[in-house]
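All chains, full assembly: derive it from the sequences and hints.
Just so you know, the sequences run in chain order P and C. In terms of the numbering used here, the first sequence opens at residue 1 and continues consecutively. In terms of the numbering used here, the second sequence opens at residue 938 and continues consecutively.
Relax, there's no trap hidden among the hints.
Label pairs and their computed distance ranges (CB to CB):
no.: 1; chain 1: C; residue 1: Pro1373; chain 2: P; residue 2: Leu577; range: 51 to 57 Å
no.: 2; chain 1: C; residue 1: Pro1373; chain 2: P; residue 2: Asp104; range: 19 to 25 Å
no.: 3; chain 1: P; residue 1: Arg795; chain 2: C; residue 2: Leu1093; range: 36 to 42 Å
Incomplete in silico selection of chain C near chain P, CB under 10 Å:
no.: 4; residue: His1043
no.: 5; residue: Leu1045
no.: 6; residue: Val1075
no.: 7; residue: Leu1093
Which chain P residues stay away from chain C? Per the calculated CB distances, all over 12 Å, these:
no.: 8; residue: Ala37
no.: 9; residue: Asn359
no.: 10; residue: Leu533
no.: 11; residue: Phe644
no.: 12; residue: Asp784
no.: 13; residue: Lys890
Since the hints were derived computationally from the structure, they do not count as laboratory data. No residue lacks a Cβ here, since even glycine has one placed at the ideal position from N, Cα and C.
Read off the chains here:
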Amino acid sequence: MSIGWIILLPLCGALAAPLVAGRTRAASAWAAAAATATALAVALSHAPAVFAGETVQLLYPWIPAIGLDLALRLDGLAFVFVLLVLAIGLLVILYASYYLPAEDPKGRFFALLLLFQTAMLGIVMADNLLMLLVFWELTSLTSFLLVGYDPSKQAARRGARIALVITGAGGLALLAGLLLLGHVVGSYRLSDVLAAGDLVRGHDLYVPILVLILLGVFTKSAQFPFHFWLPGAMAAPTPVSAYLHSATMVKAGVFLLARFHPTLAGTEVWFYLVGGVGLTTLLFGAYTALFKHDLKGLLAYSTISHLGLITFLFGLGTPLGAVAGLFHIINHAIFKGSLFMAAGIIDHETGTRDMRRINGLWKYMPYTATLAMVAASAMAGVPLLNGFLSKEMFFDQTLDLDLLGGVAWLLPAAATLAGTFAVAYSLRFIHDVFFNGEPVDLPRTPHEPPRWMRIPVEILVALCLLVGILPQQTVGPFLEIGASGMLGSPPSFDLAIWHGFNAPLVMSLIALGAGVLVYSSRHWLFATHDRLLPRTSGEAAFERIAALLLHVSHRIMAWIDNRSLQRYAVWLVLVVLVLTAAPLVRHGLTLDGGLAGEPVDGVSLVAALLVAAAAVATVVAARRQRLLALIMTSIVGLVVSLTFIHFSAPDLALTQLSVEVVTTILLLLVLYLLPLGEIRPTPRWRQIRDLVLASAAGLGTAALAYAMMTRGYEPISRYFLEFAKPHGGGTNVVNVILVDFRGFDTWGEITVLGIAATGIYAMLRGLRLKAPTRGIGGRPWSADAHPLILAMISRPLLPLALLVSVYILLRGHNSPGGGFIAGLVAGTALILQQLASGQQWTGERMRLGYFTLIGVGLAVATGTGLAALIFERPFLTSAYTYLSLPLVGKVEVASAMAFDLGVFLVVVGTVMLILENLGRLTSGRTQTAPVSPGEER
Amino acid sequence: MSALVISPVLVPLATAVLTTLAGRRPGIQQVLSFAGIAAFLACALALVALAAADRPAEAAFGGWAAPFGIQFLIDRTGAVLVLVTALMGTASLVFLASDADTGPRHPLLLPLVHGLLAGVGGAFATADLFNLYVWFEVMLICALGLFAIGGRLDQLDATFKYLALNLLGTLLLLIAVGAVYAVTGHLNFGALAQASEALPPGLATLVLAALILAFLIKAGAFPLFAWLPASYHTLPAPVLALFAGLLTKVGVYAVLRTLGDVFAPAPELLYEALGWIAAATMLVGVLGAAYHWDMRRILAFHIVSQIGYILLGVALMSEAGNAATLFYTVHHIVVKANLFLIAAILWRLAGSYDLRQIGGLYALRPWLGVLFLIPALSLVGVPPLSGFWAKLLILEEAIAQGRVAWTVVALLVSVLTLYSMVKIWMEGFWSPHPDPQWRLPRARLWPAYAATLGLAAVTLWIGLNPQPLLTYAQAAASTLGAH
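Below is the structure:
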């Protein structure tokens, strides 16, 4: 079967496990085991090819657009890891099905476990850097969910979170590193990358690539100073700790060291970074492990230490070092896996993991104790066990290094020291737990675990012995193919258990002896350790950094965003000013475009001064005298209208004028309702700030306008002037632009108007305000709501005004006017009726709903546009013709006029709807008298 | 053809009018609304099919050929965004049928939602700068309506802030559009592209800076984003999801359309500045999210942060960068909207948006956890979800161009995003519920699950099979700036 199944089968198992979970107690375990065993069988079926030195490959295109294929490779290195992952996985599944309480959601557990297995297999078999990364992140994620298996425990949540953030961050660094690597090599295929070692090592980007990839490696493999997530992750159920956090996942980091050995290793930077970190971790982990009272804590730090050892071996950059590293990966997986399982059994049987309480278990569980003692001895490096062999290789490697020169003796010394501590903590594991007096008030009386729970431990311990005694016959071939997969051509190495009486053996003996000494003086050591070394931990540092980050971000955000609109607006204006000014400075742009301006005449000058004065007056008055401010703004509006007339833009002037009238009336209504309370004074500095900002913004806009207007350009308006009459059928170019050339914009804008009216209606519908009894300055409102004279004059005015409005509408296409202006004129006339005679009076006579008006208007305008579609012309295409009417004579009829009618209706409807709703705000209070918006009580 | 090209505005607007008329009959209104969105979706699919076949839908309104009339031109970029708009509309409207923070049912809710979709659709379809402004206005006015119809005091406060700040943006946009017209004499994109080539760099920088800044206000970029976190959390969830997914993205799209297409290559200063703005946006957005406990506020700040990534793609000033931007935008709209919707489901089940007040959902609703993790991890950029590919494209291009600082920020922000999502997961799912009396309420959630599952499926699909969207985005980018 294809090697793809090695990954797919566990994935299928992951899907199946929760589905069958309900059937029987062990159903999901069976499903998981079956999937794993089948995958193992598939892997083994490829063994002949792999042992023959072939690389089995599989390639499916996945995302060719970024050079990512589903590419798998099963070479010697991958094969060794696949076996490790699947075989230990099988044992862990067996163990877990007995370890987990019966009432646990096992389906979820096994699904996650197998998902992790899939990801791990993906990492070791990936033949594409990006794919490797995909699986890499997946292991972090499944680890997160497995550590938090029992989220009701705070330690589990905390451990899971820290582990995820640290390994996730490392994963992102790895991503960057791999992207850089791919960029340098020009391909993400692993085969290409492995072949490009010289290119990469000689490249300028080598150091960044190395550092980024190593960040991924060190976080994943719990190297100092990122090690602290691993002890926290021990809150996971023990099968998870055994599988992920000692045997496999934490090896993913060192696996990368092995995988990229041909590409990245062998430089001085590599040696100092990888070797240095590895050695530090080795010593630090070994030392710390001795002082952990928690059984799993001790094992966690021991794991960190052994990972440091492996990292160091790879850091040497020599082929033999790499082989030793690979060997120790295998050995460590075997003995540490069994130790975690034994620790789990002890935890399971005694209810605690505190070594100060669990003593003398030999009497209760001699069989388990024997197994654990063998495994712990392997961890200590006792001869005839597997740990001894790889440790000898390690000692041997430290001896002949010429890189360090005069201080070369430091390395063997450090190695022996680490060995000493390893012996000491292994001894502590054995002696404290199984001997050392009697247990101290345990929750339950321990006894041997169920038969099947011991089997995985038995198998692993047997392997420790087998490999330790017959290395050449057992692990030899695997190491051979692993090394050739890793390095291409494997160096010759000797797996004999007896090399004669040489330096490594002396170091081993020293370590053993010193380890016993250290352990026997442990009480003194513990006391000294507690006294001299402050209780710090990476975890606490992590939390402190997180808290600091939180604090800083809070401060920054509070400064930017204090939830005050004024502050927001200041930011906005300031940024716009600075960033639009930047190009001026950068490009040395001059504002003056060279076009001569028109001479300044007296009228324009007065108008400009008037506008400026009115604008300033508006700002000054706005705080205390709103009415005055409103009058000032209407002065601005009026002068602008006059300016339009002055420069021969009658349409614009008419529009501006009618808009001015309507908005002023509506604003007056709003002012009436505004509360009159005292306004808090603004501090002086803020007034100055606002003054500066406002002036700068105003001047900036003026400068922009000046820069635009002093430059000549070729506008498209000439086209409009030329074709308005022959093609648009109207001589008023402004109107033809509005209803024809750019009728689509107008269509959008009347939609906005309609929606605005609807929105205002919706917003004010339920709102009822208390009408104020007094106006500005405490003066009472006049009692006469609807002065008779006003009412009497306004009524005959209405038909006249409407007539004017219709006139403006009809002439619009050829002379100043149009639907928008006409709508505003009609609106003003209707407003006047409401003001003069009250809302009720008007309402009774105004049969048309305003919504209907808006709706019909929109429908007419849209309908004109859609009619064009029927004739297979683009939306809003206009047509016009000439009709001969009796009396009137030849009349031009353009479809654009229908469109304009739609505009007219929408404008009238909107204005009236807004007015009515504003008026209604206070009308709920008194229903007796006719009430108008200007009503005062 | 001519009818299809205007469908992104005509169909939702017609639906808006019809649903307004049916305001008194909720049943009929609902049916009309679903029919309208289904039609929109169908039209959008047809538009994508046309664009992908290199026959982009096109129309010159009123029969006035460009550059004199207004033109709609729905190329690949526009078409896929119209499709996502229709998709989001569908999800949001389906979700509205549940009872997960959908707010009081106002007769104008559905019309305004459709109006909003019309504005968004128009913005993606138009090829005219002033017409783009018009659609921004349609969006703004509908957004204001949607804020206001709730009528709560905090909503009115949000309405006002949204109005005031967005009006400043709109004003700037109007000035900028005027300036662009003043120096080029054109509004049509194609004509502007021609005319802008002759512009002296200083003048071009000035005018475009104003234009881009106006769009950046709409996009919620640093430091112009204040309106977003100040207002978004007051909206009912489905509307919020729509806003979060679509509105800022229209601003981003406008930046892409102008800097990446019409005016490309613009003066380099603009791209350089945009890059730094993007980096700051990423960072400040994610920092803003860090200390909040309200899921909606956290997610709102993440909108800002993610906008930074998308803008970075434009700032890279290359075809690959533009393709990345488009891919990222599509991915992000789906993911972001979904997160808000799922947060609403959490609210319904656990009783609050405040993470300190909820918990315990992992044990009771593990599949909801999976549903949450899909968009959450996609937002972070965990492979193989859609966000990973999106980030990969951006990072790859940034690395290829040697933009070290921007790359570092992008990676750092990913870590902080992860931290944020883990926080929601921790408090919402893993921590025990603080109220020991709490029980899962009986809730009408199937429409909510239907909507969120659908969006999660899109995320997964893009994640596991990114090739189609990727080649589409690359093809789209290849036509951008090609004039």
